[in-house]
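J.: Given next are the chains, with one letter for each unit.
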Amino acid sequence: MSFQMHREGEITVVDVEGQLIVGNRQELKQKVLDELERGERKFLIDFSQTGYIDSSGLGVLVSLSKKIREQGGELRLANLNDDLKTLFELTKLDTLFQIAETRERALDSF
Amino acid sequence: MPAPGPDRGPGAGASVLDLSIPSDVAEIPGVVDAVVERCTAHRFSRQACSLNVRVALLEALANAVVKGNRQADDKRVHVRAVVDDARLVVDVQDEGEPFDLDASAQDPLTPEGLLREDGRGIFLMRRLMDAVERLPGIPRGNVVRLTLRRA
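Sequence order for the protein chains is A and B. Quick note: the first sequence uses my numbering, first residue 55, plus one each step. Quick note: the second sequence uses my numbering, first residue 730, plus one each step.
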């Protein structure tokens, strides 16, 4: 499991490979906060290669969303599989995040 | 560990898994994979395996490792899972201080809860399982039992 980051214009894209859970959530948080510290403001997290997320992974997304907004930035999500959509719906986090069906739509939405 | 169910032991054809892991979050995915594999073998639905069992068990194990045992090197988490064609019953036992499952639960759906980083673990376990209970009368630590009937 790992996190791959790259730039698409002004947008920092993060691919979550495998899972986002208690054992690796801090790694994602630190990577995104480092980019925020460097001055990046637009972030897209792509879950097309993600199997599952637990409550601590969801919590990190909430925390990052707050920190990015506080700096005048934006965080968007894309490519949730059916299980992840259910998880976001159960926790009502689908109302907190802007979630796109595809990476392209998410990139176009900034 | 307690018996796998209040009303019966493992039936014929049941898969029984007994594991003990160190209090290390890196050990959690392997346990989850092993239980999910058995649920798949007993023809639990795709969603039950990939979402309900996987996430609920992750939460129970993370609670045991991080909150129960506080990731102490000298404490372990014990897991007993019994799966048959009717249901999964899995007990997760830590060696930590006793806790009240209901008192620990928060409502993550309130406007304040929605913005909190924590507080979704027990909520998710309860939404994804048919039953989540802390077993009474455990002399040391806590046992949280998750039950999911096969749809």
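You may find that some hints are simply not true.
[What the hints assert, rightly or not] Here's a subset of chain A near chain B, in silico, CB distances under 10 Å, partners left out:
hint, residue
1, Val114
2, Asn135
3, Leu147
4, Glu158
These aren't lab readings, by the way, just hints derived from the structure by calculation. Treat the numbers as computed from the prediction; the structure is a model and nothing was measured. The C-beta atom is built at its ideal place from N, Cα and C for all residues, glycine as well.
J.: Should the interface hint for Glu158 of chain A be scored as holding, given a Cβ-Cβ cut-off of 10 Å against chain B?
T.: violated (26 Å)
J.: Against chain B, run the beta carbon of Val114 of chain A and see if the smallest gap drops under 10 Å.
T.: With Cβ-Cβ at 7 Å, under 10 Å, it holds.
J.: Using the nearest Cβ pair, does Leu147 of chain A come within less than 10 Å of chain B?
T.: Holds. Min distance 7 Å.
J.: Checking hints one by one. Is Asn135 of chain A an interface residue toward chain B, by the C-beta closer than 10 Å rule?
T.: Where the cut-off is 10 Å and the nearest Cβ of chain B is about 9 Å from Asn135 of chain A, the hint holds.
Of the numbered hints given earlier, the model fails hint 4 alone.
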